[in-house]
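Undergrad: Now for the letters of each chain:
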Amino acid sequence: MLHPKNPLFYLQTALYSLVFMDEQSHLLPYARRADFRVSRATELTGKDYRFYRFLEIVPGLAAWLTLIGIILASMYAPFYAAYFIIAFAIYWVLKTIFLSYHVRYNWKRLRHHMELDWQLLMQKFSYGQYYQLIILPYYQEPKEVLDGAIKGLLAAKYDPKKLIVVLAAEARAGEEAGQMAREIETEYAAQFGHFLVTIHPADIAGELAGKGSNTHFALQEVRRKIIDTNAIPYKNILTSIFDIDTVIYPDYFNCLMWHFLTTENPYKSAFQPVPLFTNNLWDAPALSRVMAMSSTFWQMIMQERPDKAATFSSHSVSFQALYEIGYGQANVVSEDSRIFWNLLIANNGNFEVVSLSYPIAMDATIAPTWWGTMKNIYKQHRRWTYGVENWCYIIYHFSKNKAIPLKKRWAIALMQGEGYWSLVTNPIMLFILGWAPIFLGTREFHATVLSYELPIMVRNLLIVSMVGLVVSSIISLSLTPPRPDHHSRFRYVVMVLQWIMVPLTMIVFSAIPGLDAQTRLMFGKYMGFWVTPKREK
Amino acid sequence: MEPQIESLSLKSRQRFFLSLVVIFVLALPALIFYTTGYRLNFENQETAIVTTGGMYITTDNLEVDVYLDEEQVDRPRLFRSAYYIQNIAAGQHRVVVQRPDLLTWVKELPIDAYIVTEASAFNMPIVPHVRPITKYVTATGTPVYLGVASTTQLFSGVTTTLPVLITLSTRTGNYKLNDEYTFVKSLFASSTATSTKSVFKKIMDEVDRFRFSTSTEVLIEATTTEVLVERGNMSLVEKTGELYAVWNGTVQNIPYYFCITNDTPSSTALRYGNHVALQVSKLLLSTTTPMLIDSNRICRPEIKLDRLRQDVYLYDFFPNSSDLVLLQLQDGLYVTEIDDRSWQNTQQVYPGTDFRTVVENGVIYIMDGDKYFELVTEIQPI
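Chains A and B are the protein sequences, given in the same order. Per my numbering, numbering through the first sequence is continuous, rising by one, with the last residue being 537. Per my numbering, numbering through the second sequence is continuous, rising by one, with the last residue being 1382.
Everything labelled a hint here was simulated from the structure, so no lab data went into it. Please note: incorrect hints may appear among the correct ones.
[Unchecked claim] Only pairs whose alpha carbons sit at most 25 angstroms apart, straight line, appear in this in silico DSS-like list of lysine-lysine: (1) 1176/B with 95/A; (2) 268/A with 1011/B; (3) 308/A with 1011/B.
[Stated by the list, open to error] Chain B is nowhere near these chain A residues, computed Cβ spacing over 12 angstroms in every case: (4) 207; (5) 221; (6) 403; (7) 405; (8) 525.
Note that the structure is a prediction, hence the values are computed from the model and not measured. Backbone N, C-alpha and C define an ideal beta-carbon position, used for all residues, glycine too.
With the hints as constraints, model all of the structure from the sequences given.
TA: The following block contains the structure:
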């Protein structure tokens, strides 16, 4: 790709516009840029390549420099390292309190929203013209999972004739996956307003195999085959892109519609529910439950900080907004959040996340064996933390799109950067490197009260921060579905005690996969999309 | 009931965030001062900031009682053989480590502000524990003493850790030969064979006060200085009729008890004892054995061992330790610590005037008359 300062750039853009005029005309101006859908440095050339490559290196380098820096400081400046660790431990306690405050607030709001009769609330609106488009991309998941998702839609307190359901299969998954979709279609299609099965071809150039490319294809297909055919205005369609294990709560569409109709800029908003990984929670091992609930808590925190949030996993957005950016990207791993950044950048910063504070149920990660579950959780979190690729994308386009207010660009860049940095460094610093000066410090340091008091102080501060875990434990129990008969009551006790594993899970399933992902990006070893197997076939 | 559509307001979040920032700003210096040794003192109706130090005591036995200045220290819940005592005012403090069935370890140590003083206590049994090694054992391994009427004549002043079988009969038909006995007997036999003159005889004749165990390596023999036993960087040296523990490693790794704070002789005498002050004064002038200077401390390269004004018949490191030394003196076998701050604790581990000792592979064997024992150094819990 040519640089804008290169005279040929404009010729290239003109030719590009001429050739793809029809396909580009509906896009927002910024989304027409050839580099709008960049996913990695190697897709760029010249200065842009170097800048993007530099951005890919920064997160991993920052994390490694921090960790190595603490080790070196512990060896050569142990007193300063000790003071830093005390400061960091206090910061951690306060951060825990800060986040617990958000979780608790959102928990109250979530429960309030779950108690509301949203159907009743919707009576004062006229919304018959609106359709709910539901995209359900899947790969090799068993039929039981697909059934669960479809039955959830049918059980919703919403007119099913206003639902457009797209079951998006993958050609790569083989004939069996397509056959399964057709069986589901035969069984359920008549009950919905529209039902479409799409088979995403395996060989589309420039795509990265995964949920993002499948969704991208399904959105194009549904527009062509259903929306345009039935002349449904794009502005009258709310699109929900759900993971296939998503089972909606009965009032989801009413709650979504209510927020859509009452929010200030409905076409410049993405709507984020709270994912509860509870479909199979009772069958998941303790570590998987802790990770699932931790992810839920993080999303609950983000619900109270929508100005700092991006979309995650299953979420909803107007079809018009998606159409204006060409349905996002088909070449990234973290497609769920990338679509938000596409929307934000293409809309010159005028796009936001609206918190629904209403749940959707999904699967916790499990496998036939305990060890298999651990491996799956690790890989799933490595994929999630590979979302650091979005940081490169954001900064790259923030440097290009000056229409986004500078303050907003800086705020997002720093906040996202700090998020990815702290994700991989904080747990390691707190639970491992916090002790480094004691083992690596000089003799002078070892003879001091500071050397002896440091582990006691850090331990005590960590115990205080564990109060946050008590809050987590109480909230998680309240969000747990009813106990199946085949599980004993004793499991409730385990569900309370499981939270003591948090220090371990933070390191093994957050920090290390995060560091793994950032290091891969740093060395240009780009990751592909890994499908999380959630239930046995 | 209307939905609460608003997220937590930005104002609330900012207010909460700012209050946490204030807590951070206040807590950080307070906790840094606390961890470096500053404490608030509420005594004398006046609140004042005082500086404190600490003490770190390791013990070789669990279930001992540790006292600091006559006050018992709480037992640690974790790492029960290590006691970290906080909030100690600067000055001299007496530490006592004891258990009813063990000999008491006592030391008086100086505590400095911001600094942790280390010490390592050891407590040997009041009544020595031995494991009899007999020529014959039963099928189940019980030691057998033949032609003996009572155990009192077997174990005088010691206690056995194993049940033994005594019989007036001398018939051996029901018993089997003990391989260990043969091995131990050969140890003592070879120990005499390695010298031109029987070590045992030398000891008994009191010809020389210093003899080494044949089971340890002989390094150098010289007329004025003999480096006889070595463990790691520590060696035991006989010099001008005295026994010394000498550090041969770097000053960075030197054990803490070799070092003292660089102070005036009178202050050194007050803090560590006259013997230390005298040694330091001598070493500071010495050109052959100079002091090791390491930033804020000075380290002696050697420490004289207390032989209780008795002749030394045998010396070696105590098994699995380079801080404790085993000494066979005129009236028994002793363990002494190298740490000479205030004084050296010396504890008798086997009484007697007519016995021999061999240390082999970390085991102390005793030949007392015609009987062989292993001296049990591991203390059993109460």
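Undergrad: It remains to establish, for every hint, whether it holds in the given structure.
TA: Hints, one by one, checked against the model:
1. As the CA atoms of residue 1176/B and residue 95/A are separated by approximately 72 angstroms, the hinted pair breaks the 25 angstroms bound.
2. For the proposed pair residue 268/A and residue 1011/B, the alpha carbon gap of about 24 angstroms is at most 25 angstroms, so the pair holds.
3. Pair hint residue 308/A plus residue 1011/B holds up; C-alpha atoms about 15 angstroms apart against a cutoff of 25 angstroms.
4. In this structure residue 207/A is separated from chain B by more than 12 angstroms, as the shortest Cβ-Cβ distance comes to about 36 angstroms.
5. Consistency note on residue 221/A: stated as away from chain B, and its beta-carbon is indeed over 12 angstroms from all of that chain's, at 34 angstroms minimum.
6. Every C-beta of chain B lies more than 12 angstroms from that of residue 403/A, the closest at about 24 angstroms, which supports listing it as non-interface.
7. The Cβ of residue 405/A lies farther than 12 angstroms from every Cβ of chain B, with a closest approach of about 17 angstroms, so its non-interface assignment holds.
8. At the 12 angstroms boundary, the C-beta of residue 525/A stays outside the reach of chain B, the nearest C-beta of that chain being 38 angstroms off.
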